[in-house]
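Enquirer: Single-letter residue listing:
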Amino acid sequence: MALKHRHARWIPIAIGVLSAAFVAACSSPAAANVATAVLPTPVPPAALATLAPPKPAPAAADGPNVAIENFNYVAADLTVKAGTTVVWTNHDDVEHTVTASDNSFSSQSIPTDGQYSYTFNTPGTYSYFCAIHPFMTAKVIVQ
Amino acid sequence: MKSPIVSDEIDRRGFLKCMAWAGTGVVWTISGGILSSCSLPQAASNDPKTPGDFNFVQVSDSHIGFSNVPNQDVTATFQKAVAKVTSLPNKPAFLLHTGDVSHLSKPDQYDTVNQMLTGAKFDQVFYVPGEHDTFVDNGSAFLQRFGNGSVGNGWRSFDYKGVHFVGLVNVWNLKAGGFGVLGDDQLAWLKQDLDPLSASTPVVVYAHVPLWAVYPSWGWGTTDAEEALTLLRRFGSVTVLNGHIHQVLQKVEGNVTFHTAASTAFPQPAPGAGPAPGPLRVVPEQLLSSLGVRQVNYVAKAGAPVVVDAQLT
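Chains as they are written, first to last, in our numbering: chain A, 3 to 145; chain B, 1431 to 1743.
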């Protein structure tokens, strides 16, 4: 089945799980607005069954910690005193990085359940992002 | 300024696509976003300079090195994709890999893909990087392995049987808060590359991140794509092939049709569905049906390529 959302002009390609096959002569393109798919095209995400989400991340231990969850840094704004070591822990199924927006520091890719730490010695505002998913942004304010 | 001359051979209403996955015997046409069926195209001369019918294949987002839910063996699913392509009765003229070849930019991950595609004896494979291929070393290992014949940071163009192909790179120098970006150097090169072409030349553009804003808050778009599209709009037939979002979506905009491709590794959620664009935790029995490869048939008389996506089952 193929759906067309006119306002958005999206045409998600068919859910093709039927195995019937046919060949027909060309028909008029204006003949039908919605056509039935018979190709085994990739099943769109909305039609897939999924496993339960992973267990919730353990509560943060004491200290200046940032969790990486669902492609977010939590907390996105963290204020610490100069000399503090901040620890990031990745709870996602994919790797992320902690990369300064001015590239002054960067983690390697942090695997699932992996950690990265960085010590902030000089007061200032340190904006950072994920180099793999640059829409993920946050900052550390050092007093 | 050039006048927008469009050849009568091109379907101007909306980019004609006939969809054919050899083996199923089914052929589709989409015109202006409407599906209909049509007869199978005929094969023609093998001379790359002679206009005629041919087909090529797009694979994407192999993410070699990923090992987590829902796919612990992305090498095996990539192998399955390669086998699917090699089983085609009509041999593809070449393969396009639209990026995220590797998961973590490691040389051995590039080796795996390189060896599997070399072993399958495709005549030629053209790669563009994804952000997973550039975030560690700004793409130098990728370029070393796959950049032969490219210019700048890996972009290139070539002609095949009257169709102009352009491989663009939109994952270099990604900035905090941004999405894909082409950059001024590449846009200047693109202008020079396209300028000599007549508007009736069919153009196929391939790049990793979609060249339209699929879902901006997940970074599914390219900041300066509009500047590239401005250069492309005068052509009667423009097909844009992307990866990155691990699902098949299409959008028609005048004579430009955008197609995002399935991954060979894992699916991702529909745009905005769920809290984050991480791997969709699809149940094991549905994994292969959520992955795919794409064959594109070019039928000279129709004037525009024909796109079909097939799952890996």
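Where hints are given, some of them may not hold.
What the hints assert, rightly or not - FRET-style restraints, in silico, Cβ to Cβ:
hint, chain 1, residue 1, chain 2, residue 2, range
1, A, Phe107, B, Asn1520, 47 to 55 angstroms
2, A, Ala51, B, Thr1516, 41 to 49 angstroms
3, A, Ala78, B, Asp1625, 41 to 49 angstroms
4, A, Gly85, B, Ala1513, 51 to 59 angstroms
5, B, Lys1621, A, Thr114, 49 to 57 angstroms
6, A, Gly85, B, Asp1625, 56 to 64 angstroms
Rather than coming from a laboratory, the hints here were simulated on the basis of the structure. Ideal placement from N, C-alpha and C gives every residue a C-beta, glycine not left out.
Enquirer: It remains to establish, for every hint, whether it holds in the given structure.
Expert: Consistency of the hints with the structure:
no. : hint                                        : result
1   : Phe107/A with Asn1520/B: 47 to 55 angstroms : 52 angstroms, holds
2   : Ala51/A with Thr1516/B: 41 to 49 angstroms  : 30 angstroms, violated
3   : Ala78/A with Asp1625/B: 41 to 49 angstroms  : 45 angstroms, holds
4   : Gly85/A with Ala1513/B: 51 to 59 angstroms  : 57 angstroms, holds
5   : Lys1621/B with Thr114/A: 49 to 57 angstroms : 43 angstroms, violated
6   : Gly85/A with Asp1625/B: 56 to 64 angstroms  : 58 angstroms, holds
In summary, the structure is inconsistent with hints 2, 5 from the numbered list given earlier, while agreeing with the others.
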